[in-house]
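There are 4 protein chains.
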Amino acid sequence: MKNKLYDFTIKTLGERKIPTPHTPGYFTDDKKRILYNVNLENFDKLKNGDGLPLSIEVAGPREMIYFDPAKVKAAIVTCGGLCPGINDVIRSVVMQLHYLYGVKNIVGIRYGFQGFIPKYGHDVMELTPEFIKDIHTLGGSILASSRGGQDIEALVDSICRMNIDILFCIGGDGTMRGAEAITEEITKRNLNVSVIGIPKTIDNDLNLIDKTFGFDTAISETIKVIQCAHVESKGAPMGIGLVKIMGRQSGHIAVSAALAQNDVNFVLIPEIPFDLEGEKGFLKALERRLQKRRHAVILVAEGAGQDLITNDELAQTDASGNVRLKDIGIFLKNKISEYFRKIEMEINLKYIDPSYIIRSVPANACDSLYCAILGQYAVHAGMAGKTGMVVGLYLNEYIHLPISTVTLRKKVDPNGNMWMRALEATGQPPSMKN
Amino acid sequence: MKNKLYDFTIKTLGERKIPTPHTPGYFTDDKKRILYNVNLENFDKLKNGDGLPLSIEVAGPREMIYFDPAKVKAAIVTCGGLCPGINDVIRSVVMQLHYLYGVKNIVGIRYGFQGFIPKYGHDVMELTPEFIKDIHTLGGSILASSRGGQDIEALVDSICRMNIDILFCIGGDGTMRGAEAITEEITKRNLNVSVIGIPKTIDNDLNLIDKTFGFDTAISETIKVIQCAHVESKGAPMGIGLVKIMGRQSGHIAVSAALAQNDVNFVLIPEIPFDLEGEKGFLKALERRLQKRRHAVILVAEGAGQDLITNDELAQTDASGNVRLKDIGIFLKNKISEYFRKIEMEINLKYIDPSYIIRSVPANACDSLYCAILGQYAVHAGMAGKTGMVVGLYLNEYIHLPISTVTLRKKVDPNGNMWMRALEATGQPPSMKN
Amino acid sequence: MKNKLYDFTIKTLGERKIPTPHTPGYFTDDKKRILYNVNLENFDKLKNGDGLPLSIEVAGPREMIYFDPAKVKAAIVTCGGLCPGINDVIRSVVMQLHYLYGVKNIVGIRYGFQGFIPKYGHDVMELTPEFIKDIHTLGGSILASSRGGQDIEALVDSICRMNIDILFCIGGDGTMRGAEAITEEITKRNLNVSVIGIPKTIDNDLNLIDKTFGFDTAISETIKVIQCAHVESKGAPMGIGLVKIMGRQSGHIAVSAALAQNDVNFVLIPEIPFDLEGEKGFLKALERRLQKRRHAVILVAEGAGQDLITNDELAQTDASGNVRLKDIGIFLKNKISEYFRKIEMEINLKYIDPSYIIRSVPANACDSLYCAILGQYAVHAGMAGKTGMVVGLYLNEYIHLPISTVTLRKKVDPNGNMWMRALEATGQPPSMKN
Amino acid sequence: MKNKLYDFTIKTLGERKIPTPHTPGYFTDDKKRILYNVNLENFDKLKNGDGLPLSIEVAGPREMIYFDPAKVKAAIVTCGGLCPGINDVIRSVVMQLHYLYGVKNIVGIRYGFQGFIPKYGHDVMELTPEFIKDIHTLGGSILASSRGGQDIEALVDSICRMNIDILFCIGGDGTMRGAEAITEEITKRNLNVSVIGIPKTIDNDLNLIDKTFGFDTAISETIKVIQCAHVESKGAPMGIGLVKIMGRQSGHIAVSAALAQNDVNFVLIPEIPFDLEGEKGFLKALERRLQKRRHAVILVAEGAGQDLITNDELAQTDASGNVRLKDIGIFLKNKISEYFRKIEMEINLKYIDPSYIIRSVPANACDSLYCAILGQYAVHAGMAGKTGMVVGLYLNEYIHLPISTVTLRKKVDPNGNMWMRALEATGQPPSMKN
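Residue numbers (my numbering), protein chains in the order written: chain P, 168 to 601; chain L, 168 to 601; chain R, 168 to 601; chain V, 168 to 601.
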């Protein structure tokens, strides 16, 4: 059981000697845990050294805390791409620190990890309840963000210089790897700094986490775009609405949106390879659909069909630390046009690429609620002196997970329920491989 | 283990001899089950006769089905109060029956169980994909609904006369009790009719079900109203925004909405009694809040503070099978006005009662997705000949539950996480009892 | 032509000697005017002393201005009930003053005219671009408001003491009467203070003004409520959706909303009296409608049918300077219930009173645009030293009007186009008087 | 005065002998007219032969009608690009014909003028109140549309063969030219067929018409996208949000949206030429903006800067009867990237092209209301036997205009109020020409 992915132990900076100042009077004990595996068949196959089934620590306010609210200084940093709900998390963390624990010294680091590095010249922001009270009505991050890592030693130097005691990191898997490296460097230097991650990926593809914030909003927004594509496809003879959506490594958004608004006739995702040509290929299937129903809506995740693209001109221009993807949207648009030109069938194709519109809206109610709770639990964990961990939702329960366990990507299982439901909703062929 | 609430056995009408016609190629076995209890401490305390921990059947398409798609006739009925998502469930059931299983004979029963009783003279509706394709853009139920039960024998007579093989019942706990009685009468008569429930309660207070459809939309809409109340309260000197929201027996909507839009300063729910008068009472707490911040927002669930109301004139006029509630909204409005008049403090109170506006909107994306999936699984269960059961979500997994296990109400635990988070978000006194 | 209502002369504080600092290079001359009357039949019936048809001054930037941007101090005050768009106007005025004219000294007066009176102890707010940049995303008024007038002399004393040079008043007809009185007092004292009104009435019933801001948003929001009422009415046997909407003295919102969402079957407004009882009365008409179509939606403006209400218990509790209205919504609800109880016809009535929800949302795009432009023109007028005037839209052109000309109420003409269209859209009897 | 553009005479098919069946009891006389020109300076410069100022016929129900409701057959056709509100107009026309005049024979022509031509094989649609009652909740056109004209004689043959008496044409300037040709052919053949246009252009650039339907919705939607672009631009170091919006020949949408949501820093439209390079050019201005504020939002109408594009690869792929435009969005994106790469300044550019999303949403309240009224007046005009005309809004009054007068495009006046306001709102240099 030395596998990092199965080690659910949460580290604490030290003994907790200060009674929590907040009044509600309900506390969660460190020993409260839920099972990792809930399938009847094999729930007790994986065990800890103590012979008990693998289990995960439940989040919540601890009766005793580690940091003195009057002296502690907290910082928040947001990294990676924008995602609905970041401001909600920031707001919740500040509100919770200020009003529940009485922490007054809270700063925001600007432009991601860049904000720690002096050469960029970014000032920090004072975060007060007055300043942040309405930020949940705005999309994006009031702290702004940046992509890419920074030198970990310089980062930790900065954390020391700024006397930060708790660092809340909001970001994706890259950021979480950064947060882990920071935690390790802090441990190495024997510092009493807590690092708490609040995982952010609009794609909802983080290992072990039921749902990442922003995903629900992304689906809401995607659905609106699908409705538009549907309207466009039905508005002209042989209309095709082609929508490219987020999902570099996983098709969760595409599949969920296709299900929620079942006007989608083809959903294409990274996990399910397909052919373009041939009797079973996508283009032939599209032709058959058009012959039968005279319109079609296609939803493609940006990471789908990468193996099909050979034209280097379609390499994505949106640089980042991630692998560069080729633009499947433009590629499909061209291939479809070409195909129907060849078979002399007049079509009306409308191509829509709404990613920036989707990710930069304010969080919807569902995500607002989720972000508010994540912020509350993150603060409880930080004040208790926990470190190197993230807060998340697992089996409908808020839990603590070591950062290392969530850096893996969760895929859509080609043999699972979710993909099955998508096939049912779209009516597309179960396989478009020849 | 003879307790009905712990008996998770699902009944089937008979042997399944017909291969499922739908193509996706993924099937779920009846033996796939998840644990009922996932707390590490006591997960194996409750056991079945076989010595295994209690567990629940997982939903999904079965490889063999019971009904012949070419001959089967399905009916859908919607009962009780309106709730966002009913049309989405209807649409999903029809689409799934029609396109996945090839069932063409689908009818809608009008105005709830009334539609089965000849004396009301309601015609049935043919439900075709063409007819239902856009109904998810409309709130309410295209079948309409009614409250109150009907004579079970007459109902089953009607089911026989109409040759219905599968009955999908969408409704609340009353409806589910009705569905159970129907199932029992069907069993008594030895009929091969499947009864599948899709539980509906906007209050999200059904035992064992993670989340009922419409709840998420209700929160979204409630949040908008809270924002308005907040704007009103801040827009005038000593402004008070008082919002009455659904929640006859439980405060889930109120608590979740207060958390998601944390502009609420007092949330009052049925589970938490409070005093009006006295040093620790609500009115004094409100006065303190106003002195300090000059405005306040109060969110009250309709079932809160029933013990305080003695004036019989405030009995609710909205009749239904439920216990008549006294109108806590009007009552509080009067009591607050009276109190501040007495202490000669000028206030500006704005009272908002938005329940009908909230429950009659179309489902949002999150609920649309959930309804679509519930509809798919309900059809899989029905075609497999399961009966006397509901589909739902438990620990993030779609499952089958005997109807009898879900007719209990789930409350907000006064000592639980959720209420603790609400106290944190509102900053209200942990107790307003003297 | 000494009638105040036809005197369209705009006063200026004095000679304009300073070239406007703003660059766009387009200016409007004071002489640019549009006709008051555009009907071919009688356009030249009303003439000025100079023998020309009556005409109105066109708004816009003047080449020379009166106030020195470096020295001028501007103040903004918002009075009366909330209305969508107030924050948009504030934002536009501040942005325009700051960026276009270089005015840095801008303050906001809190809680309406109360903010001028020292005894209330309200501080002023510094209004900077940074502070106001996102306020259009919030409903209400960031300055807050209050109802009722204050002592004019004390008010002008305060204006002097604060060295205010330009006062922007956002408010309804009461506020405009106050602004006129302030202008007169200022003139009497020989002060060089400009008073510019931006008329606000959600009811869109200001004389001469094509459209007041907030009206479009109010209709958008009302439509949503009508949709809900429609869904409710169709969701139950013999369902009735009854919606009470703003409109104390005029039915513009009710009529426009009924037209835009033509699910309304009866629209009742102050301008059109109706009977309850009798063969031609409203209740009989409602009964006929229900018999024929089994559901009905009624939209009633709050000032409708006041002559019918004798029960003093229904006097409105929302105090203000306005005449106290009796609550037609509750009254109708009771009368309808009583009537159908008497004739033993079972109905399902749902009553909705959404006024506070409607008026406190942020402005929609249409109103945002309108408010942005009104703010721009108000600043141009103020900087040019105009006074005692309002900016508005007349025949699709932005114009200046003396305050005195707009304090009258515009009614829905019972013999006009608008009411005719409403009758067509609802299908209600042209008259419900016996 | 033989100029077609100033000839406001409306043709009628013949004498009106049938009393209008609709009850409201309010009628508009043919003689009711409003002035064409309302500027005081020159209102009487343009005169008719009769010596009166030019004037325009007011719309409304006539007391006597031409067509017998029991026998008349009406048809509706929708042509050109999608636009919010088409379904609202269809709905209003059908409701008005059916309920007000008692016309039962109403058909919809599918896929624009193609639907008249037998070789395309498109069936007509029966349009009943039941069928169309909820179509305003859907974007697009339930009749679908197509671009391009068809043979006029074949079209009129078809109209005859189908016994159509009134043809309602919903479309843009191309369609209106088609409608005029149809009217002429009908006149030539001496047929008693009325042709009524309801002008549609999302760009709001029709001569003489205050506002075309769909424009308001387009602005609402554009604003949302601008907000996203703003969030994106502020979310990353040196962020640029670049949005391409509709507007082939005019910048009305771009200018109005920039004003309504004044987060736009540069608005580029067809009417205002600009340079890219040079000290006064756009790129230098953008650089200055970024240096000063670190982010920028650019809104470009698709017809802007066409003279700058020489690369033929950027020719627009969306074919239609219109002149092919080169893609200014992609062009600017490339030029901006290139420029900052050259001066070694790191930027983060996000490009958004939302046109299909904007035009395919359902109409908002403002447009719904406008469409409802246009439909009502179109029916009044058609039933009165008027022909060769359109209904529209002029100086806030609903009027009749000969089709020939509205086929010209209305531009944004570079010396006018509107452009001045846009310059003020954006703060961009008044000229970006060297």
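I should point out that these hints are in silico values taken from the structure, not numbers from a laboratory. All values reported here derive from a predicted model rather than from experimental measurement. Do not take every clue at face value.
Looking from chain V toward chain R, a few residues come up when the C-beta cut is under 8 Å (computed) [as the list claims (entries may be wrong)]: (1) Ile302; (2) Leu305; (3) Asn501.
List of simulated lysine-lysine pairs, DSS-like, C-alpha gap at most 25 Å [what the hints assert, rightly or not]: (4) Lys509(R) to Lys447(R); (5) Lys271(L) to Lys391(P); (6) Lys459(L) to Lys300(P); (7) Lys459(P) to Lys271(L); (8) Lys238(V) to Lys391(P).
Listed next, with one range per pair, are the computed distances between beta-carbon atoms [stated by the list, open to error]: (9) Lys355(V) to Val291(L): 52 to 62 Å; (10) Ile510(L) to Glu230(P): 31 to 41 Å; (11) Arg460(P) to Val291(L): 45 to 55 Å; (12) Ile185(L) to Asn501(R): 36 to 46 Å; (13) Leu575(L) to Lys184(P): 22 to 32 Å; (14) Arg344(R) to Ile510(L): 47 to 57 Å; (15) Tyr266(L) to Lys300(V): 20 to 30 Å; (16) Arg455(R) to Phe298(V): 18 to 28 Å; (17) Arg344(P) to Lys171(L): 31 to 41 Å; (18) Gly315(P) to Lys578(V): 39 to 49 Å; (19) Arg455(R) to Asp301(P): 45 to 55 Å; (20) Pro597(P) to Val291(L): 44 to 54 Å.
Built from N, CA and C at the ideal position, the CB exists for glycine as well.
Q) Does 18 to 28 Å hold as the CB distance between arginine 455(R) and phenylalanine 298(V), or does it fail? A) holds (25 Å)
Q.
If I claimed the Cβ atoms of tyrosine 266(L) and lysine 300(V) lie 20 to 30 Å apart, would that claim hold in this structure?
A. holds (26 Å)
Q.
The hint says 47 to 57 Å between arginine 344(R) and isoleucine 510(L); measuring C-beta to C-beta, is that right?
A. violated (34 Å)
Q: Using the Cβ atoms, figure out if arginine 344(P) sits within 31 to 41 Å of lysine 171(L).
A: violated (50 Å)
(Q) So if I understand the rule, the pair passes when the alpha-carbon distance is 25 Å or less; does lysine 238(V) with lysine 391(P) pass? (A) violated (43 Å)
Q) Are the Cα positions of lysine 509(R) and lysine 447(R) separated by 25 Å at most? A) Answer holds: lysine 509(R) to lysine 447(R) is near 18 Å, not above 25 Å.
Q: Indicate whether the distance between the beta carbons of arginine 460(P) and valine 291(L) respects the range 45 to 55 Å.
A: violated (28 Å)
Q | CB-CB spacing for lysine 184(P) and leucine 575(L) relative to the 22 to 32 Å hint | A | Distance hint for leucine 575(L), lysine 184(P) is violated at roughly 43 Å.
Q | CB-CB spacing for valine 291(L) and lysine 355(V) relative to the 52 to 62 Å hint | A | holds (54 Å)
Q) Can the suggested window of 44 to 54 Å be confirmed for the beta-carbon pair proline 597(P) and valine 291(L)? A) violated (35 Å)
Q) Between lysine 459(P) and lysine 271(L), is the straight-line Cα distance small enough, at 25 Å or below? A) holds (19 Å)
Q. Quick one: are isoleucine 185(L) and asparagine 501(R) within 36 to 46 Å, going by C-beta?
A. violated (58 Å)
Violated hints, listed in ascending order, are 1, 2, 3, 5, 8, 11, 12, 13, 14, 17, 20; each of the other numbered hints is respected by the structure.
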